[in-house]
Amino acid sequence: DTGVSQNPRHKITKRGQNVTFRCDPISEHNRLYWYRQTLGQGPEFLTYFQNEAQLEKSRLLSDRFSAERPKGSFSTLEIQRTEQGDSAMYLCASSSSGVPGNTIYFGEGSWLTVV
Amino acid sequence: TQLLEQSPQFLSIQEGENLTVYCNSSSVFSSLQWYRQEPGEGPVLLVTVVTGGEVKKLKRLTFQFGDARKDSSLHITAAQPGDTGLYLCAGALSTSYDKVIFGPGTSLSVIP
Numbered sequence: 224d225t226g227v228s229q230n231p232r233h234k235i236t237k238r239g240q241n242v243t244f245r246c247d248p249i250s251e252h253n254r255l256y257w258y259r260q261t262l263g264q265g266p267e268f269l270t271y272f273q274n275e276a277q278l279e280k281s282r283l284l285s286d287r288f289s290a291e292r293p294k295g296s297f298s299t300l301e302i303q304r305t306e307q308g309d310s311a312m313y314l315c316a317s318s319s320s321g322v323p324g325n326t327i328y329f330g331e332g333s334w335l336t337v338v
Numbered sequence: 426t427q428l429l430e431q432s433p434q435f436l437s438i439q440e441g442e443n444l445t446v447y448c449n450s451s452s453v454f455s456s457l458q459w460y461r462q463e464p465g466e467g468p469v470l471l472v473t474v475v476t477g478g479e480v481k482k483l484k485r486l487t488f489q490f491g492d493a494r495k496d497s498s499l500h501i502t503a504a505q506p507g508d509t510g511l512y513l514c515a516g517a518l519s520t521s522y523d524k525v526i527f528g529p530g531t532s533l534s535v536i537p
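Chains as they are written, first to last, in my numbering: chain W, 224 to 338; chain Y, 426 to 537.
If we strip away everything but chain W, and leave its shape as in the complex, we get (with noise of 0.2 Å):
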């Protein structure tokens, strides 16, 4: 069984670029969550997915971001016109809704340096 997997791991981008980040979840799990952390902060809620439905999106997102997974599989995140404040650690978790307690199983995360 293999865990969260994310990549690219690490992205250099010029401010101004678009960033897309990939997220394959453990297999049998229906939820699938974005986080974002900056150094010796805990993660920051992004946005949740259940199957293929986008249930949260955090108000705190701007437009620029977007995240979709159009089959209830893979999830990708999507940063427009980047800026030097989009420089953060992406995280991606996730976890089944059939399972008490919805412990969320997180991958390495995907670097961002806004240059």
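Take these hints with a grain of salt, some might be off.
[Said to hold, decoys possible] Output of the computed footprint for chain W on chain Y, the stretches with three or more beta carbons under 8 Å from beta carbons of chain W:
| id | segment |
| --- | --- |
| 1 | 452 to 458 |
| 2 | 475 to 483 |
| 3 | 524 to 536 |
[Claimed, not checked] Non-contacting residues of chain Y with respect to chain W, defined by C-beta distances greater than 12 Å in every case (computed):
| id | residue |
| --- | --- |
| 4 | Q431 |
| 5 | Q434 |
| 6 | F435 |
| 7 | S437 |
| 8 | E440 |
| 9 | L444 |
| 10 | T445 |
| 11 | Q462 |
| 12 | E466 |
| 13 | T487 |
| 14 | D492 |
| 15 | T502 |
| 16 | D508 |
Read the hints as simulated data drawn from the structure, not as lab findings. Note that the Cβ used here is the ideal one computed from N, Cα and C, for glycine as well.
Here the structure of chain W is known, so what remains is to put chain Y in place on it, guided by the hints.
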């Protein structure tokens, strides 16, 4: 506002000492998890607690979920340098499709 608070924010102790980290909220959680994270890596699950008042032990780590399911504590006995890391608590909100939110973390440094 759905917030999880953790204390202390930073902790530096000598090897062999005991410590407790606290996680508090005004919200009720259907479950609460503790994670440990090392620099540049994703958080790694330590434990999930589901029942109010529940106590779980993992070797030298003891986790407790508050009776009202609003708070939790993590106690480490005889800390070792390998325990160094960022400890995160996370709660699943039953009022929000089990959305999982995180506290700001406690950065622990165990000095040999």
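Status of the hints after comparison with the structure:
Counting residues of the segment 452 to 458 of chain Y whose CB lies closer than 8 Å to any CB of chain W gives 3, which reaches the minimum of 3, so the coverage claim holds. Taking a C-beta to C-beta cut-off of 8 Å, the segment 475 to 483 of chain Y contributes 1 residues in contact with chain W, too few for the three needed, and the coverage statement is violated. For the segment 524 to 536 of chain Y, the stated coverage by chain W holds: 8 residues have a C-beta nearer than 8 Å to a C-beta of that chain, and at least 3 were required. The beta carbon of Q431/Y sits about 8 Å from the closest Cβ of chain W, which is not more than 12 Å, so the claim that it is off the interface is violated.
Separation of Q434/Y from chain W is inadequate, the least Cβ-Cβ distance of about 9 Å not exceeding the 12 Å criterion. Non-interface status of F435/Y relative to chain W is broken: a Cβ of that chain comes within 12 Å, the nearest being about 9 Å off. With a least beta-carbon separation of about 14 Å from chain W, S437/Y lies farther than 12 Å from that chain, consistent with its non-interface assignment. Remark: the non-interface label on E440/Y is consistent with the geometry, its nearest Cβ contact in chain W lying 23 Å away (cut-off 12 Å).
For L444/Y, the requirement that its beta carbon stay farther than 12 Å from each beta carbon of chain W is met, with the minimum near 19 Å. A cut-off of 12 Å between C-beta atoms confirms that T445/Y is not in contact with chain W; the least separation is 18 Å. Once the 12 Å rule is applied to beta carbons, Q462/Y is inconsistent with being away from chain W; the minimum gap is 9 Å. Non-interface call for E466/Y relative to chain W: violated, since the shortest CB-CB distance, roughly 6 Å, does not exceed 12 Å.
Non-interface status of T487/Y relative to chain W is upheld: no Cβ of that chain comes within 12 Å, the nearest being about 18 Å off. The Cβ of D492/Y lies farther than 12 Å from every Cβ of chain W, with a closest approach of about 17 Å, so its non-interface assignment holds. At roughly 24 Å from the closest C-beta of chain W, the C-beta of T502/Y stays outside 12 Å, upholding its exclusion from the interface. In this structure D508/Y is separated from chain W by more than 12 Å, as the shortest Cβ-Cβ distance comes to about 18 Å.
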